[in-house]
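Chains as they are written, first to last, in the working numbering: chain A, 1 to 764; chain B, 1 to 764.
Calculated directly from the structure, the hints in this document are not laboratory data.
It is possible that part of the hints are untrue.
Any copy, or any two copies together, can satisfy a pair, since identical chains are not distinguished.
Said to hold, decoys possible - Below are the PhoX-like pairs computed for lysine-lysine, each with C-alpha atoms no more than 20 Å apart in a straight line: (1) 33 <-> 43; (2) 715 <-> 270; (3) 300 <-> 220; (4) 105 <-> 331; (5) 452 <-> 306; (6) 659 <-> 331; (7) 300 <-> 217; (8) 306 <-> 293; (9) 543 <-> 532; (10) 270 <-> 652; (11) 457 <-> 659; (12) 717 <-> 659; (13) 457 <-> 217; (14) 270 <-> 116; (15) 662 <-> 715.
Just so you know, these numbers come straight off a predicted model, no measurement behind them.
The residues making up each chain are set out below.
2 protein chains.
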Amino acid sequence: MKFYSKLGGALLLVALISMTVSSFAFAESNLQKVMKERGLTEKDVLAAAKTYTPTGGRDEYIVCSSGGQSGQIIFYGIPSMRILKYVAVFTPEPWQGYGFDDESKAVLAQGRINGKDIVYGDTHHPAFSETDGDYDGKYIFINDKANPRIAVIDLHDFETKQIVVSPFFKSSHGGCFVTPNTEYIMEAAQYAAPYSSDFVSLNDFNEEYRGGLTYWKFNKEIGRIEPENSFTFEMPPYSQDLSDAGKGPSYGWGFNNSFCTERYVGGIEKGRPPYEAGCSSKDTDFLHVTNWKKAEELVKAGKVSKLNGAYLITMEQAIEEELMFLIPEPKSPHGVDVTPDGLNILVAGKLDSHAWVYSFEKIMKAIKDKNFEGTDPYGLPIIALDTALDRSVNVGLGPLHNQFDSEDGVVYTSIYVDSQITKWNYRTGKILDTIPIHYNVGHLMTMEGDTKNPDGKYLVALNKLSIDRFNPVGPLHPQNHQLIDISGSQMELLYDMPLPLGEPHYAAAIRADKLQPVVRYKTGWNSRTDEKSEFRCRAGREKVVRDGNRVHIYGTLIRSHITPETIEVYEGDVVSIHLTNLERAQDEVHGFAMYGHNVQLSIEPGKTASATFTVDKAGVYPYYCTEFCSALHLEMQGYMLVMPKGYKAEEKAIIDGEKYTKADYEGQVATNIATQDVINQVVGFITSHNYKDFPIVVHLVEDATDQLGFAEEAKGKSEAAAAKGDFQNAMLWANQWWQYQVKTADLGLRAKTHLEQNGAKKIK
Amino acid sequence: MKFYSKLGGALLLVALISMTVSSFAFAESNLQKVMKERGLTEKDVLAAAKTYTPTGGRDEYIVCSSGGQSGQIIFYGIPSMRILKYVAVFTPEPWQGYGFDDESKAVLAQGRINGKDIVYGDTHHPAFSETDGDYDGKYIFINDKANPRIAVIDLHDFETKQIVVSPFFKSSHGGCFVTPNTEYIMEAAQYAAPYSSDFVSLNDFNEEYRGGLTYWKFNKEIGRIEPENSFTFEMPPYSQDLSDAGKGPSYGWGFNNSFCTERYVGGIEKGRPPYEAGCSSKDTDFLHVTNWKKAEELVKAGKVSKLNGAYLITMEQAIEEELMFLIPEPKSPHGVDVTPDGLNILVAGKLDSHAWVYSFEKIMKAIKDKNFEGTDPYGLPIIALDTALDRSVNVGLGPLHNQFDSEDGVVYTSIYVDSQITKWNYRTGKILDTIPIHYNVGHLMTMEGDTKNPDGKYLVALNKLSIDRFNPVGPLHPQNHQLIDISGSQMELLYDMPLPLGEPHYAAAIRADKLQPVVRYKTGWNSRTDEKSEFRCRAGREKVVRDGNRVHIYGTLIRSHITPETIEVYEGDVVSIHLTNLERAQDEVHGFAMYGHNVQLSIEPGKTASATFTVDKAGVYPYYCTEFCSALHLEMQGYMLVMPKGYKAEEKAIIDGEKYTKADYEGQVATNIATQDVINQVVGFITSHNYKDFPIVVHLVEDATDQLGFAEEAKGKSEAAAAKGDFQNAMLWANQWWQYQVKTADLGLRAKTHLEQNGAKKIK
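Here chain A stands alone, though its shape is the one from the complex (with noise of 0.2 Å):
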């Protein structure tokens, strides 16, 4: 018996092994038949499983990229890679109404240049606002290469609220980079221009033309930048490029880097060697590093003078100050990265091999003891090379921007000649690891990689050309963000993802759960300028006000209709157009276009937006919602006639082009009651369940709450016309009152489903 008994034991074991597999043999045979017909290996399924985001589910870390020449910024969801947003910063955008509202084109018109409105931007270095060093979720900055301009966008509600112009520089593209406690945004100039806006002979480089570094002043407590009480450093005609701000030791420094340190003019077109050549001649280039928590007392003691109307540190201040310093650094660097301690620099130079380690200690031993090999040309100390270096360290062809990761010491270096990602460790020289990436990467990103607590875990590698990556879309290829695991000891790719509009160049990746953007504003809000709007209106409030020829129209929008339906104005009339979007539901936006006149609002739930515009034809303009909001969107229309001058409106009424009855109406009131017993039902269903432990439902139901009374007040005015024998006007509001209905029906069902999907109990 025991023989059976052991052998039973087997078969159980048998059993239980085959269990274990059945109970996950149904996907298995599914998924290897998809394998083989995808060709997918087990590493593709497992790099699927890793970024594979179900329905409704959430990104560990959000993204922010910068977009290049289109001028916007792109927020994309990790380890998903899906791109939930492209917002506009320097280029109109008329999804989002950005620079079509005459709320927005106030933001985009302070970035104005010799008073011209700028339409697009360059958009470079994306910095996410930090608190003691750590990303805090608040806001995001980003520069404007092109026009050397910095954008602050907020991010309780991912907009864009303020634009400032460098007082000094003529392109700009060592920013954006905040100190510790975002005191200071940090914007590097780039290519050496006069500081004045006139002409000045190129024959004068050397004497007339300058670089800089400006430490923008932000005031996180209404979150825009003070410009008077910001201040610049002149610094010598060298292309300064990017740069980082020092924490916990280095604390109140920043760091820059630079090329074209030869001050080499090109002219190619005249025989001389271009740009190119000239630039990059000598083996070294200068680290700029400067003190800023010092000038900051030097501005605040009234010790620095201005120029263009802004503080400008001159050079020889900042020498006799003892406030710049110069170190040479590899040819023609690209990052300067200071790492999560704040006790080394790394710099990699794009014509090198190796990343160079600088050391704090030593940079300020050097300068405490005056240790310097000589002055540049313009008179600023240089600290020797061997002086402050702690190690440099081949890392491969074309080192171009460090990242950290969670691991102390340890960082990763995108490496562009050989198209590969090193990992590496700063503190010993050693290299851990290596993974190629496809191609000619650019920056890198690791979470929260440039913080004070890097998260590790993933990396993205910025890669510059697509070729041969995706299906082709003709001449101009998408760039391509590879994700890379980095949570073992070695490097994993996951994902290759395409990116549909623009150049994006640098990234950064904040927890998810540090953004807590709000779903709607407060009625009647200007979202740009953060404020109660002049121009909200409540419902039953909308009013048309002239002034001469200048009208100001107050409306307001709820599905499925816009108030007003007509606009009359005469030909030489100026109108604004002020919308407040009445609803309380999340996501409820609508739109407002109209014809021939580049009127295109986005007007989000709370927010009032407004259209100014000159009508200089007469002429019949429809305008209609252009976001799909409800069953009867494409009824939300209206039309404004422009009339000509002096035209007298006829007494005449509009002719119904049909005529109801009384049967039409009592017809229409039956369909009513049925629908409302139909409603009964699901609010039965609703209220009979748990559905106040779900969120979701609680506000669909709010919603339907606010539809419901909306279909009252409609059969109100019905059976007011009715019992006034009009039934013309009770028939319509009698279909405006089964209008409500629908909708309240909508919500309903998209609450009893969301209830019945997601487990709600049946209340006893």
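Since the structure of chain A is already known, use the hints to place chain B on it.
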């Protein structure tokens, strides 16, 4: 012994099972770990495997989606759901240089309304060009609802080539839909308006406002619409909506939905019920049936008159010539879809719960028999509903749009209020399956689902709201396209994709292998007119041509310099900069941005693009390449110097910031010789392998050979300068020679890596 052998057998079985498992176990154990960590179900993993596309993988279908009020169109891949490109159509977009270069400005200028530039569009329904009822992959057409226009996008380079403006309408929703050989593109009006551009009172709505349907003639040979050969049907002031063209037996006919056949004019601000009430009071609206083939003959025969410079078939003529008929259809319908075999027309009414199946045969019989139930107020004959209908099927609350399966009779309908997709059979009326979606679905799309030969396989639900689906990004949410597997009998949800910019309304999916876009242009190409640019320039032929204050600059771009590097002009000059990209390498795009002048060009290999502007202020304006093109990209720069009027340049030369000696020169030459050794090794590796079997490598080798040629040239200049004892220039040209070597090495290394990773074989 037997005992042990039996037990042994069982153990062996265990071992075998373990082995079967273990052949999958490596991935599986990791997979289960990942599943547990990320909370994935087996169904999720299967969906991941069905959509995940590994690096370098290709999608099976390419979708073109409209971008709504962004004014653009969007291309993405299925099943990966990765967005490949936003193509600029009606809205200027700087990354593509669209609306920034003279060539694309000329396209946008075609879309002016009342002489005014329109800087956005509201794109709704993209249509692929067709040959014999199937997509041919040549062109995409898209409409602008707000400013009634149609654009032509050429799929050989994914660029917008033409915009035409409706000569009659003031809004247009029911476009674009093409006839089976793209003879015509259908565009229906939306909101009725007078055909004249003058003011007409709303009191005259019934008499003077009109809808309509335009058949735009498309010339496939040249890829352009011919407005002079297009014609429009005058239609009553109903709101015409979507369209579709007959095929097979119904070839030659067109079908259009409509709403608000009540001809209701709102006015809620005056106490009138709003449009939404008055436009949905009747139980039915009208399907419009038009005979375009017969109309075309009349046009060709000179029997159609013109209005506003275009052919207009009046209602009177349409009645007389039997060109247009009406049939009742369910209230406020949206999609009208001709079945693949052309025998039926399906209509779904948003305020109804039925899809209605019309019979083309029955419609033709009614027309032949003149079996009409009466006429509408404009005298158009009405075919009775029951005369034309095969059946109506209860598909759910709020049916919106129908798309076809590869299986005969099977159709999918998006259900707005119930938030679901219903799969049913239009021959039997049987409901086959339903699947819930999130939320508020608008249109839906199957693979080539509106052609004669639908592919089935996948379905995409275009959901208009995305509350709670993704990480929140402020009050303006992305849209949500949900991918559904329809290859089995039951629909299965695979993927949620956020749309980061714009509000898609409609999409079409084409088999990816039908698209064969070019990767570069012929040299000196104007991509918007598709011909050689009159402003093209060859290497070494760069020049400045001045005529009074009109200055033309003919320049070139090649990595990494712009010729010219200095542009000298005078205040008040009107300047045109024409730049030709000399690269032959795929993907080697260069950009060109200039400070303060709204100049931002995207110049793909071969392209010539131009920027024309007035220099109204003396000053210094840096310019640079905006596409990261090479290691020395940042050095690809220059200055435009705007001199005050009458300024006389001094005769002094530029003083170089750095001086080079014979030793510097010789050092550089030594470096170059060493670099050449490395290059030779890489070349040796490549040529000793079967690299010619790898098209990408062949391409890289071609490019590398070019670069090496340039290096040789620079070497020559360097040696010539050295021979004259000019070591300054000798050193600089030697460095330039090295720069070309670096570019060569970069390409060579990429080629070598590709060969290594793709199993190239050594040639014996």
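A quick look at each hint next to the structure:
Proximity of residue 33 to residue 43 under the C-alpha cut-off of 20 Å is found in both arrangements, the shortest distances being 16 Å within a copy and 14 Å between copies. Proximity of residue 715 to residue 270 under the C-alpha cut-off of 20 Å is restricted to the inter-copy arrangement: shortest distance 18 Å between copies versus 82 Å within a copy. Taking identical chains as interchangeable, the C-alpha atoms of residue 300 and residue 220 lie at most 20 Å apart only when both belong to the same chain, with a minimum of 18 Å there against 70 Å between chains. Taking the shortest Cα distances, residue 105 and residue 331 never come within 20 Å of each other, neither inside one copy (42 Å) nor across copies (41 Å).
Taking the shortest Cα distances, residue 452 and residue 306 never come within 20 Å of each other, neither inside one copy (34 Å) nor across copies (72 Å). With identical chains, the CA atoms of residue 659 and residue 331 are at most 20 Å apart between copies only, with a shortest distance of 17 Å across copies and 83 Å within one. Within a single copy, residue 300 and residue 217 get their C-alpha atoms as close as 12 Å, which meets the 20 Å cut-off; across copies the closest is 71 Å, which misses it. Taking identical chains as interchangeable, the C-alpha atoms of residue 306 and residue 293 lie at most 20 Å apart only when both belong to the same chain, with a minimum of 18 Å there against 76 Å between chains.
In the homo-oligomer, the alpha carbons of residue 543 and residue 532 lie at most 20 Å apart inside one protomer (18 Å), although the nearest pairing across protomers, at 56 Å, exceeds that limit. For a Cα distance limit of 20 Å, the shortest separation of residue 270 from residue 652 across copies, 15 Å, qualifies, whereas the shortest one inside one copy, 76 Å, does not. In the homo-oligomer, the alpha carbons of residue 457 and residue 659 never lie at most 20 Å apart, since the shortest distance is 68 Å inside one protomer and 48 Å across protomers. Taking the closest pair of Cα atoms, residue 717 and residue 659 come within 20 Å of each other only inside a single copy of the chain (18 Å); across copies the shortest separation is 89 Å, beyond that limit.
For a Cα distance limit of 20 Å, the shortest separation of residue 457 from residue 217 qualifies neither inside one copy, at 33 Å, nor across copies, at 56 Å. Taking the shortest alpha-carbon separations for residue 270 and residue 116, neither the intra-copy value of 32 Å nor the inter-copy value of 42 Å comes in at or below 20 Å. Taking the shortest alpha-carbon separations for residue 662 and residue 715, only the intra-copy value of 15 Å comes in at or below 20 Å, while the best inter-copy value is 96 Å.
Violated hints, in rising order: 4, 5, 11, 13 and 14; the structure is consistent with all others.
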